[in-house]
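From just these sequences and the hints, can you work out the full model?
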Amino acid sequence: MRHLLSAADLDAEAAILVLDTAAELAAVTDRSVKKLPTLRGRTVVNLFFEDSTRTRISFEMAAKRLSADVINFAAKGSSVSKGESLKDTALTLEAMGADAVVIRHHASGAPHRLATAGWIAGAVVNAGDGTHEHPTQALLDAFTLRRHLRGGTGGLDGLRVTIVGDVLHSRVARSNVLLLATLGADVTLVAPPTLLPTGVHEWPCRVSYDIDEALPSSDAVMMLRVQAERMHDAYFPSAREYSRAYGLDRDRLGALPDHAIVMHPGPMNRGMEISAEVADSDRAVMVEQVTNGVSVRMAVLYLLLGGSTGEK
Amino acid sequence: MSHEATAPETVVLRGARPYGEDQVDIVVRDGVIAELAPPGTGSAAVVVDADGLVALPGLVDLHTHLREPGREDAETVETGSRAAALGGYTAVFAMANTLPVADTAGVVEQVWRLGQEAGLVDVFPVGAVTVGLGGTQLAELGAMAGSAARVRVFSDDGKCVHDAVLMRRALEYVKAFDGVIAQHAQEPRLTEDAQMNEGVLSGVLGLTGWPAVAEESVIARDVLLAHHVGSRLHVCHVSTAGSVDIIRWAKARGIEVTAEVTPHHLLLTEDLVRSYDPVYKVNPPLRTSADVEALWEGLADGTIDVVATDHAPHALEDKDCEWGAAAFGMLGLQTALSVVVQTMLLTGRLDWRGVADRMSVAPARIGRAHGHGAGVQRGATASIVLVDPEATWVVDPEGLASKSRNSPYRGMELPAQVRHVLRAGRITVRDGELAS
Amino acid sequence: MTNVILDGSDMTRAITRIAHEIVERNKGAADVVLLGIPTRGFPIAERIASAIERIEGARPDTGSLDVTLYRDDLRMRPARALEPTSIPAGGVDDRVVILVDDVLFSGRTIRAALDAISDLGRPRAVQLAVMVDRGHRELPIRPDFVGKNLPTSVDEQVRVSVSEVDGTDEVTISGGTR
Ligand SMILES: [Zn+2]
Chain A
1 MRHLLSAADL
11 DAEAAILVLD
21 TAAELAAVTD
31 RSVKKLPTLR
41 GRTVVNLFFE
51 DSTRTRISFE
61 MAAKRLSADV
71 INFAAKGSSV
81 SKGESLKDTA
91 LTLEAMGADA
101 VVIRHHASGA
111 PHRLATAGWI
121 AGAVVNAGDG
131 THEHPTQALL
141 DAFTLRRHLR
151 GGTGGLDGLR
161 VTIVGDVLHS
171 RVARSNVLLL
181 ATLGADVTLV
191 APPTLLPTGV
201 HEWPCRVSYD
211 IDEALPSSDA
221 VMMLRVQAER
231 MHDAYFPSAR
241 EYSRAYGLDR
251 DRLGALPDHA
261 IVMHPGPMNR
271 GMEISAEVAD
281 SDRAVMVEQV
291 TNGVSVRMAV
301 LYLLLGGSTG
311 EK
Chain B
1 MSHEATAPET
11 VVLRGARPYG
21 EDQVDIVVRD
31 GVIAELAPPG
41 TGSAAVVVDA
51 DGLVALPGLV
61 DLHTHLREPG
71 REDAETVETG
81 SRAAALGGYT
91 AVFAMANTLP
101 VADTAGVVEQ
111 VWRLGQEAGL
121 VDVFPVGAVT
131 VGLGGTQLAE
141 LGAMAGSAAR
151 VRVFSDDGKC
161 VHDAVLMRRA
171 LEYVKAFDGV
181 IAQHAQEPRL
191 TEDAQMNEGV
201 LSGVLGLTGW
211 PAVAEESVIA
221 RDVLLAHHVG
231 SRLHVCHVST
241 AGSVDIIRWA
251 KARGIEVTAE
261 VTPHHLLLTE
271 DLVRSYDPVY
281 KVNPPLRTSA
291 DVEALWEGLA
301 DGTIDVVATD
311 HAPHALEDKD
321 CEWGAAAFGM
331 LGLQTALSVV
341 VQTMLLTGRL
351 DWRGVADRMS
361 VAPARIGRAH
371 GHGAGVQRGA
381 TASIVLVDPE
391 ATWVVDPEGL
401 ASKSRNSPYR
411 GMELPAQVRH
421 VLRAGRITVR
431 DGELAS
Chain C
1 MTNVILDGSD
11 MTRAITRIAH
21 EIVERNKGAA
31 DVVLLGIPTR
41 GFPIAERIAS
51 AIERIEGARP
61 DTGSLDVTLY
71 RDDLRMRPAR
81 ALEPTSIPAG
91 GVDDRVVILV
101 DDVLFSGRTI
111 RAALDAISDL
121 GRPRAVQLAV
131 MVDRGHRELP
141 IRPDFVGKNL
151 PTSVDEQVRV
161 SVSEVDGTDE
171 VTISGGTR
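Protein chains in written order, with my numbering: chain A, 1 to 312; chain B, 1 to 436; chain C, 1 to 178.
Calculated from the structure, these hints are not laboratory results. One or more of the hints may lead you astray.
[Unchecked claim] Each computed DSSO-like pair below joins lysine-lysine, with the alpha-carbon atoms no more than 30 Å apart:
(1) Lys148(C) / Lys27(C)
(2) Lys175(B) / Lys159(B)
(3) Lys87(A) / Lys251(B)
(4) Lys64(A) / Lys35(A)
(5) Lys175(B) / Lys87(A)
(6) Lys159(B) / Lys251(B)
This structure is a prediction, so every number in the text was calculated from the model and none was measured.
Shown next, in the form of structure tokens:
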């Protein structure tokens with residue numbers, strides 16, 4: 001593994017290696033070892049063109065627990081106001097000797113560009129690009145699913161995962177469909193037709209417009225954030241109609257099998273896609289997702305940087 | 001025209017094959033083809049060895065962006081003229097989306113003059129349909145038509161004339177001076193922030209889709225409008241199978257519509273976008289292989305009249321960035337003929353006469369480019385391109401004459417090489433290099 | 001050219017001897033924790049524990065200790081999968097930790113293991129048992145219990161096979177310029 005740009009970069013063997021590595025690292029952390037010397041002398045840059053404190057902190061903790069030097073680079077320049085170009089920023093990071101760049105960018109494909117344009121030599125980790133992918137989120141979700149529902153080892157063969165919400169704009173959904181399918185899970189996407197991407201029927205998953213049909217046969221349900229503002233672009237008539245048709249409330253929670261868990265990548269819109277009651281119930285594993293995120297990101301950084309770097 | 005002031009001597013193109021047919025000596029005198037003589041019999045002070053080279057009428061590009069005035073860092077009329085001449089062109093139509101926009105007689109005359117000063121190809125300015133390409137108020141179309149530039153093609157290219165009433169009026173108005181509206185067919189609401197063809201791949205790549213219907217719905221509306229008001233309509237860069245169908249339907253009904261396709265839409269597909277390399281970002285976007293096949297068929301059967309480059313130079317910083325921030329467009333002038341040879345001639349879809357028609361005769365006719373597209377025949381203006389059909393070459397953007405480097409064909413091996421070009425009897429390109 | 005240095009019964013004898021030495025040295029094995037370094041150090045540690053059980057009647061705690069994350073030579077080769085680490089419930093504080101590995105060579109693995117142990121707690125003592133000591137130390141580290149001292153040249157390969165992992169028990173040497 002040279003970069004982690006897409007969940008599609010991982011075959012089942014590579015994905016399980018990441019999960020197994022994360023499991024070992026989680027065990028180390030559980031033994032109250034706060035810091036490992038593994039990446040001493042390596043520099044990890046968190047290059048965030050988009051605000052995401054939770055993802056940045058997760059990567060920062062992961063890198064620091066492995067003793068890497070961490071530079072947080074909050075780049076100016078959003079989709080609206082042009083700041084320093086991606087290329088100039090990349091050249092700066094290269095001059096600083098970055099061994100890995102963790103990038104969050106509002107433009108789909110920006111991490112690919114960073115990895116392939118020849119601007120930098122280090123490893124690139126996609127921490128979320130536009131409406132494309134967020135592979136470490138998918139890895140932490142797979143890790144959480146495996147821990148709860150598959151005894152913490154192997155793949156996810158036959159596991160039934162339902163992902164509900166704004167799939168069209170969700171990088172989390174894209175990465176999860178790819179990764180969970182690679183690991184053998186049966187994924188069902190549930191959304192109003194307006195919030196499903198063109199061509200979704202060719203994805204390795206099932207598609208439904210009916211959450212109530214999908215829930216009783218789900219081992220896990222993952223709720224995606226839905227922005228109420230989407231109604232202004234006519235994706236749905238009103239927040240209330242969306243929430244009624246696709247939100248996870250107490251009644252729908254009751255329709256899930258007893259062993260099923262509820263996930264959400266955060267930040268949640270309580271009252272929109274998920275009711276406060278469900279979010280706070282013992283079926284919800286959001287806090288654990290956050291914890292697992294650090295382990296999974298440690299694993300990714302270790303596998304990218306904890307050896308000789310690829311082609312060199 | 002100014003080139004007549006420097007009347008060239010007699011030139012013999014020895015052993016050329018008009019349209020790839022029998023060898024002749026093409027004798028050019030006073031800017032006109034004086035004679036097609038048996039090979040080896042023509043004599044003159046200037047003899048060009050054209051042994052076995054295919055002779056075609058000088059190419060005419062109905063759709064070029066020369067960026068001057070305003071973005072001289074990307075291209076100028078002069079550098080664009082060089083690229084055009086080296087690509088086998090003797091005339092190009094320069095699109096109006098410059099800074100300032102070519103929406104007045106003053107700007108179009110400036111562009112026309114710059115073309116004459118460069119002296120390599122006739123640069124026919126395209127006039128904007130609406131003021132500042134704003135889509136709300138007609139530009140002074142008559143003034144541009146009556147200017148020294150004699151504008152006959154009007155287009156808001158880059159933007160679509162999406163207001164149906166404005167489009168209707170424009171179609172009607174230009175009838176007074178035999179003009180034509182060249183429509184960039186793109187429904188703006190359906191393509192807000194659009195980045196690539198809408199389909200399975202756009203969903204996977206997370207790039208906002210550009211649905212075929214956004215192009216096809218405008219073409220459908222416009223052919224009906226053109227029919228209703230009895231005007232000529234030209235459709236720029238047709239890119240989808242559905243657009244070909246609509247134009248075929250319109251032509252069958254006798255509607256006066258013509259259409260163009262770009263070389264890149266004949267050769268490249270959306271799969272290239274997987275790289276997220278903005279060199280493949282173009283408007284309209286690269287489509288699917290099914291669309292490409294429909295375009296081949298449409299160009300072969302005459303539904304599509306013209307191959308036009310949509311040559312769109314961009315400065316490095318506008319392409320050396322992430323996909324979403326990059327500008328739309330690709331270079332095309334120096335590669336167009338080779339791409340057409342590869343996709344249409346070598347596959348048997350067109351013969352050399354067909355290539356000449358789609359790249360010279362038809363665009364000259366649509367744009368009313370007098371003295372161009374006249375054919376390789378006695379008495380015609382001697383605007384001729386001589387092509388080595390056997391040669392192949394590898395595209396190196398660094399070696400192209402354009403000021404910009406955004407060629408999507410980098411590293412590709414393409415067939416056919418332009419060897420010599422005459423424009424109205426004067427040699428502009430000799431042995432593949434600009435004649436000094 | 002591959003030569004068998006120890007066969008299965010040689011290894012069994014070596015393990016039994018090491019078990020006796022551990023018991024003797026530590027006056028019993030009550031406080032002993034055997035930590036095998038994966039992959040092959042772990043089954044050897046288990047066998048030593050069984051041998052001690054036969055001598056003492058009680059089996060000492062065992063565990064495995066992967067030291068990959070503590071290595072200082074990670075950049076020499078591609079990133080490796082981590083092996084399991086399992087520490088006995090009682091931990092290592094105030095106990096005698098005996099590190100068990102198959103081959104002692106440069107000593108870098110043991111240095112990493114010492115770092116790993118110090119993150120786990122504070123043992124009363126740390127001792128080292130290896131099946132083969134082949135020399136060429138790059139650090140001031142020496143074993144307390146050795147199955148076989150084997151003089152080698154640097155370019156030779158010493159391989160310890162254990163049936164739990166490799167299906168057979170033997171120690172071989174190959175390569176080199178002898
Ligand atoms: Zn256009």
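If any of the earlier hints don't hold here, list their numbers in rising order.
-> 3, 5
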